[in-house]
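Peer 1: With chain R held as given, fit chain W onto it using these hints.
Which chain is which? The protein sequence lines are R and W, in order. First residue of the first sequence: 1, per the numbering used here; consecutive thereafter. First residue of the second sequence: 115, per the numbering used here; consecutive thereafter.
Because the hints were derived from the structure by calculation, they are not lab data. Every value quoted in this text rests on a predicted model; they were computed, and no experiment measured them. In this text, a Cβ means the ideal position worked out from N, Cα and C, and glycines have one as well. Any given hint might turn out to be false.
Straight-line alpha carbon distances no greater than 35 angstroms define the calculated DSBU-like cross-link-like pairs of lysine-lysine that follow [said to hold, decoys possible]:
| no. | chain 1 | residue 1 | chain 2 | residue 2 |
| --- | --- | --- | --- | --- |
| 1 | W | 129 | R | 71 |
| 2 | W | 119 | R | 67 |
| 3 | W | 172 | W | 182 |
| 4 | R | 40 | W | 156 |
| 5 | W | 185 | R | 40 |
| 6 | W | 211 | R | 40 |
| 7 | W | 172 | R | 44 |
| 8 | W | 185 | W | 129 |
| 9 | R | 71 | W | 172 |
| 10 | W | 129 | R | 40 |
| 11 | W | 129 | R | 44 |
| 12 | R | 44 | R | 67 |
| 13 | R | 71 | R | 44 |
| 14 | R | 41 | W | 156 |
| 15 | R | 71 | R | 41 |
| 16 | R | 36 | W | 172 |
| 17 | W | 156 | W | 119 |
| 18 | W | 182 | R | 41 |
| 19 | W | 156 | R | 19 |
| 20 | W | 211 | R | 9 |
| 21 | R | 36 | W | 185 |
| 22 | W | 156 | R | 71 |
| 23 | R | 67 | W | 211 |
| 24 | W | 129 | R | 41 |
| 25 | W | 211 | R | 36 |
| 26 | W | 171 | R | 71 |
Covered stretches of chain R, as calculated for chain W (at least 3 residues, CB under 8 angstroms) [stated by the list, open to error]:
| no. | stretch |
| --- | --- |
| 27 | 44-53 |
| 28 | 60-68 |
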Amino acid sequence: DTAVSQTPKYLVTQMGNDKSIKCEQNLGHDTMYWYKQDSKKFLKIMFSYNNKELIINETVPNRFSPKSPDKAHLNLHINSLELGDSAVYFCASSETGGARTEAFFGQGTRLTVV
Amino acid sequence: QQQVKQSPQSLIVQKGGISIINCAYENTAFDYFPWYQQFPGKGPALLIAIRPDVSEKKEGRFTISFNKSAKQFSLHIMDSQPGDSATYFCAARSGEKLTFGTGTRLTIIP
Chain R
1 DTAVSQTPKY LVTQMGNDKS IKCEQNLGHD TMYWYKQDSK KFLKIMFSYN
51 NKELIINETV PNRFSPKSPD KAHLNLHINS LELGDSAVYF CASSETGGAR
101 TEAFFGQGTR LTVV
Chain W
115 QQQVKQSPQS LIVQKGGISI INCAYENTAF DYFPWYQQFP GKGPALLIAI
165 RPDVSEKKEG RFTISFNKSA KQFSLHIMDS QPGDSATYFC AARSGEKLTF
215 GTGTRLTIIP
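Excised from the complex, chain R in its bound form:
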């Protein structure tokens, strides 16, 4: 029973292509996130959605567009891929409300742009 699942796990593509990463969570959480982990292992938040609404949008190129069809899914579409987009992208989810609970992370998608 995977809590937060991402597909694909690995993605190798050429510069200039458009690609999507899908994420689904079965935890009943209403907040989902995309994080980017660079080659130095630094984790940085990119987007956060709460009940399908965008609530956090960090300084991310507009080539990156998240889409949340429902609160259990958050996909990431990337246009015109660049070499610098190579990284591991993590989807995560958490509960919202008064309590500050943990974020559950997926296994990650290793994107390599060649």
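Peer 2: For chain W alone, kept in the frame of chain R given last:
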């Protein structure tokens, strides 16, 4: 601007020893401080967390010490084992945003 500073970047500890990782923050709006453990090829997983009204929290071999006035917190791993070898991240939450430290690569040697 790194809102959560973590040190050391890497740490080697002998089996049975104590591993200590330190973090410092600046934003007083942070209200929840988790530590995550990440193994190669896996996503980060919550290890232990603390709220700022508590000075220490212990779960098994893992302890968080929290100093609100100094805006510092640390993770102690007692009786460190080879299976503890991983990258550890401290984090701090404000609203729905989780800000991570830069990570510590911990290696436990026999």
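Peer 1: So, for every hint listed, does it hold in this structure?
Peer 2: Here is what the structure says about each hint:
no.: 1; hint: W/129 / R/71; result: 44 angstroms, violated
no.: 2; hint: W/119 / R/67; result: 32 angstroms, holds
no.: 3; hint: W/172 / W/182; result: 17 angstroms, holds
no.: 4; hint: R/40 / W/156; result: 15 angstroms, holds
no.: 5; hint: W/185 / R/40; result: 25 angstroms, holds
no.: 6; hint: W/211 / R/40; result: 21 angstroms, holds
no.: 7; hint: W/172 / R/44; result: 27 angstroms, holds
no.: 8; hint: W/185 / W/129; result: 30 angstroms, holds
no.: 9; hint: R/71 / W/172; result: 34 angstroms, holds
no.: 10; hint: W/129 / R/40; result: 26 angstroms, holds
no.: 11; hint: W/129 / R/44; result: 32 angstroms, holds
no.: 12; hint: R/44 / R/67; result: 19 angstroms, holds
no.: 13; hint: R/71 / R/44; result: 22 angstroms, holds
no.: 14; hint: R/41 / W/156; result: 12 angstroms, holds
no.: 15; hint: R/71 / R/41; result: 28 angstroms, holds
no.: 16; hint: R/36 / W/172; result: 30 angstroms, holds
no.: 17; hint: W/156 / W/119; result: 23 angstroms, holds
no.: 18; hint: W/182 / R/41; result: 27 angstroms, holds
no.: 19; hint: W/156 / R/19; result: 22 angstroms, holds
no.: 20; hint: W/211 / R/9; result: 25 angstroms, holds
no.: 21; hint: R/36 / W/185; result: 26 angstroms, holds
no.: 22; hint: W/156 / R/71; result: 24 angstroms, holds
no.: 23; hint: R/67 / W/211; result: 18 angstroms, holds
no.: 24; hint: W/129 / R/41; result: 25 angstroms, holds
no.: 25; hint: W/211 / R/36; result: 14 angstroms, holds
no.: 26; hint: W/171 / R/71; result: 33 angstroms, holds
no.: 27; hint: 44-53; result: holds (count 4)
no.: 28; hint: 60-68; result: violated (count 0)
Violated hints for the displayed structure, listed by number in ascending order: 1, 28.
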